[in-house]
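> One letter stands for each residue in the lines below.
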Amino acid sequence: MNNPFFKNKGPLKFSDIIKILNLDIKKPDRDKEILDIKDLASATDADITFFHSKKYKDAAKKTKASFCLTTDNLKNDLPKSCIALIVKNVLVSTAKITSILYPDSVNDSFDQTVVLINDTNYKEKVDFGTNVLIGDNVSIGSNCKIGHNTILEKNVVIGDNCSIGSNNIIRNTYIKNNVRILDNCVIGKHGFGFFPIKNNNLRYPHIGIVLIEDNCEVGCGATIDRGSMSNTIIGKNTYLDNQIHIAHNVRIGENTIIAGQVGIAGSSIIGNNVKIGGQAGISGHLKIGNNVEIGGGSGVIRDIPDNTKVMGYPAKNIREFLRDNR
Amino acid sequence: MNNPFFKNKGPLKFSDIIKILNLDIKKPDRDKEILDIKDLASATDADITFFHSKKYKDAAKKTKASFCLTTDNLKNDLPKSCIALIVKNVLVSTAKITSILYPDSVNDSFDQTVVLINDTNYKEKVDFGTNVLIGDNVSIGSNCKIGHNTILEKNVVIGDNCSIGSNNIIRNTYIKNNVRILDNCVIGKHGFGFFPIKNNNLRYPHIGIVLIEDNCEVGCGATIDRGSMSNTIIGKNTYLDNQIHIAHNVRIGENTIIAGQVGIAGSSIIGNNVKIGGQAGISGHLKIGNNVEIGGGSGVIRDIPDNTKVMGYPAKNIREFLRDNR
Amino acid sequence: MNNPFFKNKGPLKFSDIIKILNLDIKKPDRDKEILDIKDLASATDADITFFHSKKYKDAAKKTKASFCLTTDNLKNDLPKSCIALIVKNVLVSTAKITSILYPDSVNDSFDQTVVLINDTNYKEKVDFGTNVLIGDNVSIGSNCKIGHNTILEKNVVIGDNCSIGSNNIIRNTYIKNNVRILDNCVIGKHGFGFFPIKNNNLRYPHIGIVLIEDNCEVGCGATIDRGSMSNTIIGKNTYLDNQIHIAHNVRIGENTIIAGQVGIAGSSIIGNNVKIGGQAGISGHLKIGNNVEIGGGSGVIRDIPDNTKVMGYPAKNIREFLRDNR
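Residue numbers (the numbering used here), protein chains in the order written: chain A, 1 to 326; chain B, 1 to 326; chain C, 1 to 326.
Hints in this document: simulated from the structure, not taken from any laboratory.
Which copy? The list can't say, so a pair holds if one copy fits it or any two copies do.
Capping the alpha-carbon separation at 30 Å, the derived lysine-lysine pairs in DSS-like fashion look like this: (1) 32 - 13; (2) 154 - 123; (3) 176 - 154; (4) 309 - 88.
With the sequences and hints as input, model every part of the structure.
What follows is the structure, given as structure tokens:
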């Protein structure tokens, strides 16, 4: 799915980039236009890209980008068609350029575009409560309910037969059909991503969305953050209990069941038919397989293969956990 | 206490039941009326009951129900006066019949019966904030305060001298006297109970309520789910800190103190004078005795007898925990 | 910083104190006025103080207070200028007197002083959403945003360039410049502090505030309680992720990063440049040094010195944790 919500405010001129990053470079045409910032593989010659780790050497050699944010150490792996822009911190510079191209993706202040639903076309189409607010670029399917004080901030698509409860705040979120969101949730805000800088951290942009597939249920008090470069995804028929936190870029499979107060840290991938007990926590950047069961209170700090039951902190095979704790 | 809130939409005809469950049965009078669905012991000859496990054999033998949802294996334990209706999954079928008799107990969409408190008789009687909404079948005692944006959805009783804060959503809840609910709570929604079915889980009905006894305090951001067949109960003078999750059917005793971010899973019973430290979790279907102390961060996965101090995950005697972790 | 918010309703007459505490004392002038209640060191001869533990013997000997709540065991350490008032429970009596002098500091019912921001002078100065409410004694700097349904209850100071999201409830809080509060937070309510008394606990007063320094970010669903006698403080450029609970009297340093669902119990002190992983819990009255890293899911029950990495429950040196859990 392409990003339906964040609009590229480009193009930038190369001279803008020089200025933003404080570069001391004179060679290329300062008026050359740059359309977008993309990863090494998907950038075209109209784009700028970034290369911050040897891991991506092979992609770097083949990039079609005209410009690349990188370091002195890495620059020689770039093709001659690509001009290396040497910066101190590649990811910080990438965040800065992305922020200029997608300014709406950095800081999530409240949405000032909203109006009361009573003043929109949805007045006739939707069952709605008191004080429901609707922002720009919101679409709601047929046979939907939206509870009291709920705010659909800008960039929300809701399918058919959805029930959205009260006191929810949703933005940058694509909700498919037959989904139920209970109350007090905040869905689609930026994740907890920034570069720590003394006295004034630098937030990085979040141009991903939250995607909630058919037949899901999201309990009360959930926070589901949108992705930074990729999307946060809740698969079909997955049910979340109350007070759950899903961080940016997390992808959860289908038919998965997650009990109360679970937290899933950024960029972890959860399989299909997974059961996660209450208060369990899953560290970031992990891969949890299909048909996995994670006991309540577990702290998962390693990948878990398919068809495994784990428990404990750190989580281990449940038989081992129970034997060690007789 | 009898269920004051959920109204039985019965009677059903036996022919309705045949249709709902897709049964191939011709014998009994298809026009016979069925008033209610009850457990084996409390059903009368006007009711249907259910029998899904050998554990309940003795009750089955004595049931007065005219019909019983059961399996081929179990049917022979029923008396002759009771017609066995053989189904694939007894609890799923029970949920289906209950859902028909109590349709309001299955899905908790926002309450469309609410009006602004300013348009009710409580306008004179209650100290209330901005945008307070009151649903059908709500009763409020004397000397109560209700904060801004709070929604008392249908089926709420509040006693005397209660202080309800702002941004709360309450339904199907009985609150006695001198109770204080702080802010941002959701109380009385259905619990996290459903039958996992590929692509489309089946929710089961929650016909219980939440009962909060005299002198309790509930902190900010609590979620307290109502019971499925029984009630969720918070005993007298019990205090809950912020961000606590109490699942369906949990019963908590008197004078108990529960610190922040604790979670108690479904159907567990907590005694009197219990102290539970922050972030502790208690698994479902456990019995925690009187005068128990549970250390912060503990994960309780077994019953705890009276007068015991435990800590750890899994929780064990606190002296043992401290000795093992010097 | 002096307490900017709670106004002393004194003076009390000595006869009032006799009555409140049910004392049987006839000696001193019953009309003598008492201005304030202060600790042993800071009380003047116009104040009452309290002395409940041998630990404070040295301060007791030098107190300038005219009256002191204490016990028969301790009274002989007081100077002759100070009249000992013998009570059963010194802290309970202290709470009672403080409650009379600072009645607004005990129970935090919703603020009835609020009006719609549209009816205040901030209408022109602030970017604000729908249904924003402003209480007595609120001050907002330049270039601020305040989201929908947010309630700034009484006693709130907000600096310049702050972004306050939607559905927040804030009171007794001092927010400096460039701070961002996301959505659904409750900040500045009293902490979870009371004397357990059978059938009817006695809340103690909270006359502290919440102080949030420059450049902080507070994620969605946070609860940050104000202090009881001291303040709850979030240091400069400290970032909190979603669903975090900060109890009363906690002090967090600068440039600290706290991930989702972390809980910090009362009166703990966290240093500068600390990183705390998701779902970690920190017990009360601990001291966590500078440059400490606490792994996700950890349960910290002991002080942690500077420059240390810990993980586990109870938290220990991270190398030890990983070695023990290979």
